[in-house]
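Student: Given these sequences and hints, build the entire structure.
Protein chains in written order, with the working numbering: chain A, 1 to 143; chain B, 1 to 219.
Some hints could be false.
Now the in silico label distances, taken between C-beta atoms and shown as ranges [claimed, not checked]:
| # | chain 1 | residue 1 | chain 2 | residue 2 | range |
| --- | --- | --- | --- | --- | --- |
| 1 | A | L25 | B | A79 | 21 to 27 Å |
| 2 | B | A79 | A | Q32 | 28 to 34 Å |
| 3 | A | R3 | B | A79 | 48 to 54 Å |
Read the hints as simulated data drawn from the structure, not as lab findings. We treat Cβ as the ideally placed atom computed from N, Cα and C, and that holds for glycine.
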Amino acid sequence: MSREPAPWPLYAAWLTALAATLGSLFFGEVMQLPPCSLCWYQRIFMFPLALLLPVGIVLRDPRVVWYCLPLVAIGLAIAVYHNLVDYGVIPERLTPCTQGVSCATRPIEWFGFVTIPALALAAFAAIGICLLASASSARRARA
Amino acid sequence: MRREVFVVAGIALVAVAALLFGARLYRGAQQEREQAAATQGLAADPALLVRPDSPSKGPRDAKVTIVEFLDPECEACRAMYPYVNRVLAEYDGQVRLVVRYVPLHANSMLAAAALEAAGEQGRYWEMLDALFVNQPAWGDHQNPRPDLIPEYARQIGLDMAAFQASFEGIKHRAKVERDRSDAEQLGVRGTPSFFVNGRRLEQLGYEPLRARVAEELAK
Chain A
1 MSREPAPWPL
11 YAAWLTALAA
21 TLGSLFFGEV
31 MQLPPCSLCW
41 YQRIFMFPLA
51 LLLPVGIVLR
61 DPRVVWYCLP
71 LVAIGLAIAV
81 YHNLVDYGVI
91 PERLTPCTQG
101 VSCATRPIEW
111 FGFVTIPALA
121 LAAFAAIGIC
131 LLASASSARR
141 ARA
Chain B
1 MRREVFVVAG
11 IALVAVAALL
21 FGARLYRGAQ
31 QEREQAAATQ
41 GLAADPALLV
51 RPDSPSKGPR
61 DAKVTIVEFL
71 DPECEACRAM
81 YPYVNRVLAE
91 YDGQVRLVVR
101 YVPLHANSML
111 AAAALEAAGE
121 QGRYWEMLDA
131 LFVNQPAWGD
141 HQNPRPDLIP
151 EYARQIGLDM
161 AAFQASFEGI
171 KHRAKVERDR
181 SDAEQLGVRG
191 TPSFFVNGRR
201 LEQLGYEPLR
211 ARVAEELAK
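Tutor: What follows is the structure in structure tokens.
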């Protein structure tokens with residue numbers, strides 16, 4: 001059975017997940033910024049993407065999109081919530097952060113608006129869009 | 001093998017290499033900053049590092065002062081404790097140890113109060129030994145037994161009436177809270193954290209601590 005090679009948006013999704021994974025490890029392990037609990041939950045849904053997507057690419061399995069979308073959907077929801085906390089829309093005392101690091105502190109603020117939660121939100125959104133794009137290109141290819 | 005295998009493996013390798021390279025760059029720049037700060041005498045603020053009433057052992061005018069931010073309930077502090085004692089024994093009379101509290105667990109505050117109460121009877125270090133040795137019993141995070149702490153006080157031969165009065169009161173709380181806020185200002189995030197002559201020890205373990213002490217003694 002010969003399958004079509006993965007469309008480029010799938011590569012784009014993987015590169016984004018890879019950059020997000022290694023970037024968050026850099027923040028945590030190299031810059032020693034302690035991840036708050038919301039960050040941990042987003043990591044839980046981001047790290048598997050960096051491994052699942054390349055397996056799908058190598059196996060030329062278009063269904064990898066559907067394995068990954070649930071992770072992206074939940075990660076995206078947490079990222080949206082985190083950004084609302086970060087920008088003060090939701091007050092911090094209602095957040096699940098208990099001990100240690102507050103989810104509303106900003107260890108990074110590049111150019112005045114690039115915070116770590118904003119990066120996470122952008123990454124999940126970009127991966128989601130790329131996955132949907134590769135799903136639709138796979139459908140076109142079948143048709 | 002499929003072409004994708006090589007593409008994917010290549011990208012992954014490049015990405016991980018970029019991370020490691022970035023980490024090296026970042027650590028190098030950080031070390032330069034720290035060295036610059038150290039040469040300009042901008043090490044940790046000595047007034048925040050050691051308070052006049054902070055428990056200490058070893059000569060007051062020792063050439064090297066180790067300040068340890070610890071939590072009696074912290075497992076890593078327990079693991080590190082024999083190494084600290086080993087370094088103190090090796091450089092006997094040349095090193096002073098100062099203890100500061102960072103209460104991070106459920107009964108840390110209580111344990112610190114027990115230490116202070118024992119200190120009032122001149123048995124601070126015996127109590128610290130007892131708390132660390134027995135930590136798995138009283139300081140288990142799932143099943144804590146703070147009620148065992150007075151038992152250790154009895155075992156080291158404290159005057160129990162005086163101990164209980166001091167231990168059960170709230171008078172030691174303010175000192176521990178002050179330590180916690182000093183730790184925060186010094187950028188201490190976890191325990192144990194060591195400062196050797198005002199310079200933070202980056203890596204935990206016997207050898208890093210011994211090496212730094214030796215380095216300071218050779219100055």
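Student: Now look at each hint and say whether the structure bears it out.
Tutor: Hint by hint, here is what the structure shows:
no. : hint                       : in the structure
1   : A:L25 to B:A79: 21 to 27 Å : 25 Å, holds
2   : B:A79 to A:Q32: 28 to 34 Å : 20 Å, violated
3   : A:R3 to B:A79: 48 to 54 Å  : 53 Å, holds
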